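**Q** Dock chain B against chain A, hints included.
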Amino acid sequence: MKSYISILFILFMSCVRSDSNDQTMQVQGFVPIYASRQVVNTIATEAARSTVRSGKIYAYGNYLFQVEQNEGIHIIDNSNPQQAKKIAFLKVPMASEIAIKEDHLYTNNLSDILVFNLASISSPKLVHRIPDAFPVIDQTFPPFDNTAFECADSTKGVVIGWESKMITNPKCRR
Amino acid sequence: MKLSLSLILIILLFSCAKQSADGNAFANPTGQGGSLARFTIVGNYLYTVDREDLKVFDISNAAQPVFKRKVPVGFEIETIFPFKDKLFIGSTSVVHIFSIADPSLPQKLSVAISPTVIRRCDPVVAKDTVAFATLRANGPCGGTGSILAVYDIKDITNPVQRGQYPVSEPYGLGYSDNVLYVADRIRGLMVFDISKPYTPVFLRALTNVNPIDVIPFGNVLIVWTNLGMNLYDISNKQNPVLLTQIN
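Line by line, the protein sequences give chains A and B.
Residue numbers are given in our numbering: position 117 of the first sequence equals residue 117, and the series is strictly consecutive.
Numbers given in our numbering equal positions in the second sequence, counted from 1, plus 1000.
Note that these hints are calculated values from the structure, not bench results.
These numbers were taken from a predicted model, which means no experiment stands behind them.
Mixed in with the good hints, there may be bad ones.
Straight-line alpha carbon distances no greater than 16 Å define the calculated EDC-like cross-link-like pairs of lysine to aspartate or glutamate that follow [unchecked claim]:
(1) B:Lys1108 / B:Asp1128
(2) B:Lys1196 / B:Asp1128
(3) B:Lys1127 / B:Asp1085
(4) B:Lys1070 / A:Glu150
(5) B:Lys1070 / A:Asp112
(6) B:Lys1068 / A:Glu163
(7) B:Lys1086 / B:Asp1102
(8) B:Lys1196 / B:Glu1169
Covered stretches of chain B, going by a simulated chain A footprint (3 or more residues, C-beta under 8 Å) [claimed, not checked]:
(9) 1064-1071
(10) 1196-1208
Partner residues are not named here, just some residues of chain B that face chain A (Cβ under 10 Å, in silico) [stated by the list, open to error]:
(11) Asn1028
(12) Gly1033
(13) Thr1048
(14) Gly1188
(15) Val1214
(16) Ile1215
(17) Asn1219
(18) Ile1222
(19) Asn1236
(20) Asn1239
(21) Leu1243
(22) Asn1247
C-beta: ideal position from N, C-alpha, C; glycine also.
Okay, chain A solo, but in the shape it has when bound (with noise of 0.2 Å):
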């Protein structure tokens, strides 16, 4: 646990600026990829679509799941497996994970947990929110060591993942 923190610590700590290097220096790095909060936090039942970047699967009595990745959860009516058909799309942004238990279904907004209602299954009803329970993506740091990267501006928006990039004088490091 203490060594957990101090590394978490280092970690934090290699994250800081140096603004004595008056050159401009272009090395490949990475940038923060923004969505307004807004925009990721809305939430909606809409009509079934097409699979454009299948995810995770989840079957659940007579329905079945599938993840579009990161856009949400396709709905499936798997009552006659013949004629399985999708029946709605559930708008979750930055969505990946899904499991079931007694018609409640738990997913992830970027890193909330979301908790729905599925007694009504061509349109779930969001009943509870988990903030930041889940940090998959990194919103401070890119996933790679040894690297330099754009620091996160938090006036931009969230951080929903992280774009390799050569970048001029990255002002961050880890």
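**A** Frame of chain A, contents of chain B only:
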């Protein structure tokens, strides 16, 4: 010592998959996921793994998860897999085993460092005292070739490999009765007879599909494909018949 550590690791790498429970899925209060899950439900508890932590939520009231505790695990965590009263938590290089004898208070039992040949989390399913794992040796994994490996797990702290079968680029897997399905992105949906579990017999591969994971669910095999989802009738378990594609 080194050898037994490696074997433990391999078992650990189970971590990546969910147990493929047979039986009447409709009677279960919880559903069934595929491999590579980061959420799993055991009884009244939801366990999640993010990049570094295992979190425990009491879901006795399903609508109102109550956060119980956060347990630091390590770095680059990828998957969680429940098996009996244990959780296997896989990362890109290390696997952690926790006991959930007290489900609200996971206790770390051990940690293992992955041998270089197995750099990634490799899905596994367990059946009674036997575990099946796909060990993918391509890409950063290096190694001598991907295999379907079969382990004796009578002693879960000391798994012993008893069999193997060469595969190409395997991801998820799951079984129904005596038939094992392996999602191999090069060879397709592979079907094995596992009546004698330590000597799996390759029966056939459905090659017109690019599968990533499977969930055997009663008489239907659910397959996550690159395009979406395929459903197969497995009333005859050895011979999956395509029912429909949901893309």
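**Q** All hints are to be evaluated individually against the structure, with a verdict given for each.
**A** Structure-based check of each hint:
1. Between B:Lys1108 and B:Asp1128 the alpha-carbon distance is near 23 Å, which puts this suggested pair outside the 16 Å criterion.
2. Between B:Lys1196 and B:Asp1128 the alpha-carbon distance is near 13 Å, which keeps this suggested pair within the 16 Å criterion.
3. Straight-line distance between C-alpha atoms of B:Lys1127 and B:Asp1085 comes to about 14 Å, which keeps the hinted pair within the 16 Å bound.
4. For the given pair, B:Lys1070 sits about 30 Å from A:Glu150 by alpha-carbon distance, which is inconsistent with the 16 Å threshold.
5. Proposed proximity of B:Lys1070 and A:Asp112 is supported: the alpha carbons are some 15 Å apart, at most 16 Å.
6. The hinted pair formed by B:Lys1068 and A:Glu163 fails the criterion: a straight-line CA distance of about 34 Å is larger than 16 Å.
7. Distance check on the hinted pair: B:Lys1086 and B:Asp1102 sit about 10 Å apart at the alpha-carbon level, within 16 Å; holds.
8. Proposed proximity of B:Lys1196 and B:Glu1169 is contradicted: the alpha carbons are some 24 Å apart, above 16 Å.
9. By the rule of at least three residues with a Cβ nearer than 8 Å to a Cβ of chain A, the coverage given for the segment 1064-1071 of chain B holds, with 3 such residues.
10. Counting residues of the segment 1196-1208 of chain B whose CB falls under 8 Å from any CB of chain A gives 0; the rule of at least 3 is not met.
11. With a least beta-carbon distance of about 8 Å to chain A, the hint placing B:Asn1028 at the interface is held under the 10 Å criterion.
12. Below 10 Å, beta-carbon pairs count as interface contacts, and B:Gly1033 has one with chain A at about 5 Å; its hint therefore holds.
13. Satisfaction of the interface hint for B:Thr1048 is found here, the shortest Cβ-Cβ separation to chain A being roughly 6 Å, below the 10 Å cut-off.
14. Given the 10 Å rule on beta carbons, the hint for B:Gly1188 is violated: about 16 Å separates it from the nearest Cβ of chain A.
15. About 9 Å separates the beta-carbon of B:Val1214 from the nearest beta-carbon of chain A, less than 10 Å, and the hint is met.
16. About 5 Å separates the beta-carbon of B:Ile1215 from the nearest beta-carbon of chain A, less than 10 Å, and the hint is met.
17. Taking 10 Å as the C-beta contact cut-off toward chain A, the hint placing B:Asn1219 at the interface holds, the least distance being around 8 Å.
18. About 6 Å separates the beta-carbon of B:Ile1222 from the nearest beta-carbon of chain A, less than 10 Å, and the hint is met.
19. This hint is violated: B:Asn1236 has a C-beta 15 Å from the nearest C-beta of chain A, more than the 10 Å allowed.
20. For the restraint placing B:Asn1239 at the interface with chain A, the shortest Cβ-Cβ distance is roughly 16 Å, beyond the 10 Å limit, so the hint is violated.
21. Contact between B:Leu1243 and chain A, as hinted, is supported at the beta carbon level, the nearest pair being about 5 Å apart and thus within 10 Å.
22. Among the interface hints, the one on B:Asn1247 holds; its C-beta lies about 5 Å from the nearest C-beta in chain A, closer than the 10 Å criterion.
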